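J.: Here's the letter readout for the chains.
There are 2 protein chains.
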Amino acid sequence: MKKTSRDERFSATERKKEVLDKLSNLGENLYQQMAQGNFPSIKMPSRSIENIYYNPEVRQYVLGDRTVKRTAQNIRHIKPFTQLVWTGYFAQELTTNRKTSTLRDVYYSAQAYEISFQDQAESDNVITDLETVADCAREDLNIFPEERSAIFGDLTIEYTVPGYEGKQLNLTSHPDGVMIGPALTYSEFVKTTADKVIAIEKGGLFTRFIEENVHKKYNALLVLTAGQAPRATRHFIRRLNRELDLPVYIFTDGDPWGMHIAMVIISGSANAAHLRELTTPDAKWSGVWASDIVDYKLPSDPLTELDVKRLHELQRDPRYKNDLWQREIKVFMKHKRKAEQEAFSRYGLTYIVDEYLPAKLEEKI
Amino acid sequence: MKKTSRDERFSATERKKEVLDKLSNLGENLYQQMAQGNFPSIKMPSRSIENIYYNPEVRQYVLGDRTVKRTAQNIRHIKPFTQLVWTGYFAQELTTNRKTSTLRDVYYSAQAYEISFQDQAESDNVITDLETVADCAREDLNIFPEERSAIFGDLTIEYTVPGYEGKQLNLTSHPDGVMIGPALTYSEFVKTTADKVIAIEKGGLFTRFIEENVHKKYNALLVLTAGQAPRATRHFIRRLNRELDLPVYIFTDGDPWGMHIAMVIISGSANAAHLRELTTPDAKWSGVWASDIVDYKLPSDPLTELDVKRLHELQRDPRYKNDLWQREIKVFMKHKRKAEQEAFSRYGLTYIVDEYLPAKLEEKI
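Those protein sequences? They're chains A and B, same order as listed.
Per my numbering, the first sequence runs over residues 1 to 365.
Per my numbering, the second sequence runs over residues 1 to 365.
Here chain A stands alone, though its shape is the one from the complex (with noise of 0.2 Å):
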């Protein structure tokens, strides 16, 4: 197998190192500071809108110069530097021990620790600050989403997750999918016969995909986003594209949410600018396109009001500066209809698989 890679050289285990290195750094920091007799103070990028940045280069946004500076000497900052140094000793504990939290999970475990947050809004914020103090994400961190999505198809990989260390699995293993959880997100890439990745919004089309062996027919994983991908399921789009090569193809419902759910695939949102591992900026959005409608004849509904004021707003979106966006766009507005994914049962169930989804990858973009 491959395993070229371009500006990361991830080995999850490498990864954890460097994780614990910098929440290390951070704290001795703060000792030093205190040991010359200062106050201590962390420094950090500013989040704040007009910080915020679309760079076409890196295809998503980012952060601009300004920084903000939380400093035990100010009153007004205690709070706020208190929770964060918190976070990183909780962070710490958790990646150490190797346990996995969720954002709630955090807001909770504070309380036994006796720092407050008024509610979880203000711990989430929190953790944001320390993503990008410590330059990394919260998932690096051993904090994962809720949600769950998964993959399918022929690679297998290798745990590092406590009393699975070595162990294997090939992710046709289970026909239903495999979820994307901490254990697989942190897992080690062994070896696969893809070519490809496609990511596919709807649960019902990962399983026809599935059943149809698009997996070997066209060489594919096949990762189910189930709606807006996950960040853990983001990020590990992310290793599959850098990490072993693989093209990216992202197909989604023939509507702006659709479109969107694609985009944030591609290039992350602005809530992420401090972050650069959760983009896969060389992914495609292969379909459903608007002029797959108008030229597939799909059965649609017209668009709504909502739909059209989304549609505007992605028009003036940096992100969806590039010609297939906009023309795309303008197709949408001009015959006002979307339709979805399983349209394309109306020509049988495997159409999507048989026609649709070849032409699609052979498309230049």
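Simulated from the structure, these hints should not be mistaken for lab results.
Don't take every hint at face value.
Note that the list lumps identical chains together, so a pair holds whenever it fits in one copy or between two copies.
Only pairs whose alpha carbons sit at most 25 Å apart, straight line, appear in this in silico DSS-like list of lysine-lysine [unchecked claim]: (1) Lys216 - Lys99; (2) Lys321 - Lys284; (3) Lys217 - Lys167; (4) Lys191 - Lys167; (5) Lys217 - Lys364; (6) Lys216 - Lys360; (7) Lys360 - Lys99; (8) Lys217 - Lys99; (9) Lys364 - Lys284; (10) Lys336 - Lys321.
Small disclaimer: the values here were computed from a predicted structure and weren't measured.
We have chain A already, so just place chain B on it with the hints.
T.: Relative to the frame of chain A, chain B by itself:
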């Protein structure tokens, strides 16, 4: 492994045969009516609200004696009659060809046959008619929900789906949990060392239970319901209870919505009064009870107006007649507080596993 069965002898393969026989009988019956020179008609129990009763004996809603008749003789019936016959035909095709489908797929597929449904609500309704006529769940007809939940623990299953016949999987193979999709639903149970099932509402807690080896410490199969359990998951829990004689304990958030997640696993919904295959009447709601919030001094939030309104509805609901439910509803109303499962993290991440879980499993309900 014990494999006693009480009111059903479930073998996925036998069951498929039974379902195909039912569909054939339905078709044969129509042919016979026509051969005798009559307009074909289909008689089935009425699903109108006046014909739905709570039956304390089977502990779920059931249909009464009223029936409805769809006949080709009545011009107003011709459309729904044709739709129903086509849906039966399509289900037979799916089942014979061992392909699965979703409600939405069926809606679009109808267009390939020039059978017109006004919208998906209409086709969903006809599929429910077919469930009533064929006396089986739509999952038996290979029509599956989009949602997928998961299971983890020492149970070895054998697949019956194409390409996987005879293959076995132990449900501890993947430490993120094994998805409950069509393939798992129709697998045969081979062997288990588990002596109970623990169903959990939240993904984060499901992962925590796996990480803390609850499946080993308590000999349990862990099921993630991921909120309201998808029908396939409820069906699977019933199979674990009936075929393997395993008691089922359900853990949800401590609020009226969590209670109801448990109740729907136990006693089903009024919508499925025509089915017996989605309930587990002996399953127990083990927490988080309103009284647990008080006893364990859990961090809690005030009930909203909507929560209180919901509690009043549940109080009058015949499924909630027994002492436990009525008592807990009263405690909710008295203290006007609710708490999530994760609230136990205030005592440390493993408190819920080390202290709360064993206490609740021993509780006599």
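J.: For each hint, tell me whether it holds in the structure or not.
T.: Hint check results:
1. Lys216 - Lys99: between (36 Å within a copy, 17 Å between copies)
2. Lys321 - Lys284: Classified as within; 14 Å inside a copy, 55 Å across copies.
3. Lys217 - Lys167: Between. Shortest inter-copy distance 21 Å satisfies the 25 Å Cα cut-off; intra-copy 28 Å does not.
4. Lys191 - Lys167: For Lys191 and Lys167, the Cα distance is within 25 Å both inside one copy (14 Å) and across copies (22 Å).
5. Lys217 - Lys364: within (20 Å within a copy, 55 Å between copies)
6. Lys216 - Lys360: For Lys216 and Lys360, only the intra-copy Cα distance (17 Å) is at most 25 Å; the inter-copy one is 47 Å.
7. Lys360 - Lys99: Between copies only: 24 Å across, 42 Å inside.
8. Lys217 - Lys99: Classified as between; 17 Å across copies, 39 Å inside a copy.
9. Lys364 - Lys284: Intra 10 Å, inter 56 Å, cutoff 25 Å: intra-copy only.
10. Lys336 - Lys321: within (21 Å within a copy, 51 Å between copies)
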